[in-house]
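Asker: Chain residues, written in single-letter form:
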Amino acid sequence: MTLARDQVTHVAMLARLGLSDEEVERYRQQLDAILSHVDRLQQVDTSKVTETAQIGGLVNAWREDERGECLPVEKALANAPKRRHDHFEVGAIQE
Amino acid sequence: MSPETVAELGARLRRGETTPAELAAQARGALRSVEDLHPVLRYTDALTERQAASAARILAESPERAGPLCGIPFAYKDVLCVEGVETSAGSRILQGFIPPYTGTALQRLLDAGAVPIAVTNCDEFAMGSSNENSAYGPVGNPWDPSRVPGGSSGGSAAVVAAGAVPFSLGTDTGGSIRQPASFCGVAGFKPTYGRVSRYGLIAFASSLDQIGPFTRSVEDAAHVFTAMAGHDPRDSTTSPLPVEPVATQVARGVAGMRLGVPREYMAEGLEPGVRSAVQEAFAQLEKLGATLVEVSLPSTEAALSTYYIIAPAECSANLARMDGVRFGLHVDRRSLTDTYLETRGQGFGPEVKRRIMLGTYALSSGYYDAYYRQAQKVRTLIAEEFDRAFESVDALVCPTSPIVAFPKGDKSDPLSMYLCDVLTIPVNLAGLPGISIPCGLSQGLPVGLQVIGPRLGDAQVLRVAHAYEAATTWHAQMPPPSSPPATGTPS
Chain L
0 MTLARDQVTH
10 VAMLARLGLS
20 DEEVERYRQQ
30 LDAILSHVDR
40 LQQVDTSKVT
50 ETAQIGGLVN
60 AWREDERGEC
70 LPVEKALANA
80 PKRRHDHFEV
90 GAIQE
Chain G
0 MSPETVAELG
10 ARLRRGETTP
20 AELAAQARGA
30 LRSVEDLHPV
40 LRYTDALTER
50 QAASAARILA
60 ESPERAGPLC
70 GIPFAYKDVL
80 CVEGVETSAG
90 SRILQGFIPP
100 YTGTALQRLL
110 DAGAVPIAVT
120 NCDEFAMGSS
130 NENSAYGPVG
140 NPWDPSRVPG
150 GSSGGSAAVV
160 AAGAVPFSLG
170 TDTGGSIRQP
180 ASFCGVAGFK
190 PTYGRVSRYG
200 LIAFASSLDQ
210 IGPFTRSVED
220 AAHVFTAMAG
230 HDPRDSTTSP
240 LPVEPVATQV
250 ARGVAGMRLG
260 VPREYMAEGL
270 EPGVRSAVQE
280 AFAQLEKLGA
290 TLVEVSLPST
300 EAALSTYYII
310 APAECSANLA
320 RMDGVRFGLH
330 VDRRSLTDTY
340 LETRGQGFGP
350 EVKRRIMLGT
360 YALSSGYYDA
370 YYRQAQKVRT
380 LIAEEFDRAF
390 ESVDALVCPT
400 SPIVAFPKGD
410 KSDPLSMYLC
420 DVLTIPVNLA
430 GLPGISIPCG
440 LSQGLPVGLQ
450 VIGPRLGDAQ
460 VLRVAHAYEA
470 ATTWHAQMPP
480 PSSPPATGTP
490 S
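Protein chains in written order, with numbering that gives the first Met the number 0: chain L, 0 to 94; chain G, 0 to 490.
Since the hints were derived computationally from the structure, they do not count as laboratory data. Cβ atoms here follow ideal geometry from the backbone N, Cα and C, with glycine treated the same way. Among the clues, some could well be false.
[What the hints assert, rightly or not] Residues on chain G that point at chain L, a partial pick, calculated with CB under 7 Å:
no.: 1; residue: H329
no.: 2; residue: Y339
no.: 3; residue: I355
no.: 4; residue: V377
no.: 5; residue: K410
no.: 6; residue: S411
no.: 7; residue: L414
no.: 8; residue: M416
no.: 9; residue: G430
Using the sequences plus the hints, can you model the full thing?
Answerer: Printed below as a string of structure tokens:
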């Protein structure tokens, strides 16, 4: 397969990764080689197989809907790069 | 002489011949003396002192409460959160991150009186097989500093191999405990998926990650596992089944056990020295009364591809939280989108970016069925093949890695690095327990024997490993004296 440059920039945008032109080209080549290798998966017959959902065989983990401990505000905000009052500060998402 | 084990140090503590503070100071000094290998990112000083004091109190006031880990020094990988101690996941994006809480596995060790000394270097977000992907620089192998210690838990393997601490914690997503244990000549145990809580572990691939110990003996691995294992309401993937008492089972020997050798794991590609060391180990197990039979796991070849879809897919979702808003690096830009792009572009290293891209691609519209869904189906086939094998054998034995520790810089092509994980990855995909223990040398470097058990058969795995260890001396081998001095825990 051959991965196109615009596919790489599209994926980088989806992943919110700012890449330099040089990185785009490097990842294009490397991802192309990796994807060519993993393409052998397509040869495995899985027509009668269900995909794995939980490898430990658990189905659901239930608990009572009770209020428990949670992080106090100061602890939760302690690592915030930017805060205002008791909140995380985020840049404007609309002009 | 080989450094003391957890069991030996524990016995001396209980006899009053040493103190937790003394052992902590010795471990700290020993870690300092191997700093040129760069296995340690930071020391846990204040916490070390508090834990040593609390262990000393337990030993003095209520010795009946002092379990095997009380007062024992250890180091842990830089992906495990401890309140108030920086955890950076080997990444620039989390440099300076101070966890506001302590993860369950670590908390259980602290409750058992174990004394943390240092946080160990690792590949960024645990992605790598050589520890060369750490944003803080590579780690040297104590057996040959010009070679890699394996990865991603390279620092944790190196500090135990150098004899600086009797145990350490790592995490294993595709072999990241077992492979560095093999490269460094120590025991490294990955428990069954869901046996040890992942709460407080910085996630790489949540359906594969598992925390486990590096130790100098299988008995010690059983002690550390026992202290950490069990259901945790804060990790809904932990098994609610009670943990079997492993300590009483590990010393039962292998007489009468049936052990399978997967044909595909002994195929071409094995380094000759690895092949011969492992074959000698098989002969030793037969001498101890086990029956060895060949089994087949035909989907082995597809496992690597399956893993390199599933693990990156999960990592791309997990690492979305590194957004520069709540914690970690923040590169300020006018729009939120540009802030994300720059923060993540500057904060992540090349391997992490590569895997995020790969995973995002595999999950993106139009490719999901062909890659992710197909990989999850092949994963089912791989798990079923193991299940079938365990209908006729008690455990599987094979090499941990097809090669011994390679020189730093030797595998600069990402795909060639991925191919090294071919013998450890299937175990994570199937959620099984596996251990690597030393079984010989090839070119003067350690070779690891891998023992794989059925789901929740952690005790079986430890039992086979223990029997082999008790009959051989490879576990007592130390790196040659030409390497940095291994001052060892007290002598």
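Asker: It remains to establish, for every hint, whether it holds in the given structure.
Answerer: Going down the list of hints, with the structure as the test:
For the restraint placing H329/G at the interface with chain L, the shortest Cβ-Cβ distance is roughly 3 Å, inside the 7 Å limit, so the hint holds. Proximity of Y339/G to chain L holds as hinted, the smallest CB-CB distance being about 4 Å (cut-off 7 Å). This hint holds: I355/G has a C-beta 5 Å from the nearest C-beta of chain L, less than the 7 Å allowed. For V377/G, the suggested interface contact is upheld, since its CB lies about 5 Å from the closest CB of chain L, less than 7 Å.
The beta carbon of K410/G comes no nearer than 13 Å to any beta carbon in chain L, farther than 7 Å, and the hint placing it at the interface is violated. Look at S411/G: its Cβ only gets to about 11 Å from chain L, farther than 7 Å, so that hint breaks. With a least beta-carbon distance of about 5 Å to chain L, the hint placing L414/G at the interface is held under the 7 Å criterion. For the restraint placing M416/G at the interface with chain L, the shortest Cβ-Cβ distance is roughly 11 Å, beyond the 7 Å limit, so the hint is violated.
For G430/G, the suggested interface contact is upheld, since its CB lies about 4 Å from the closest CB of chain L, less than 7 Å.
The structure fails to meet hints 5, 6 and 8 from the earlier list, while all remaining hints are met.
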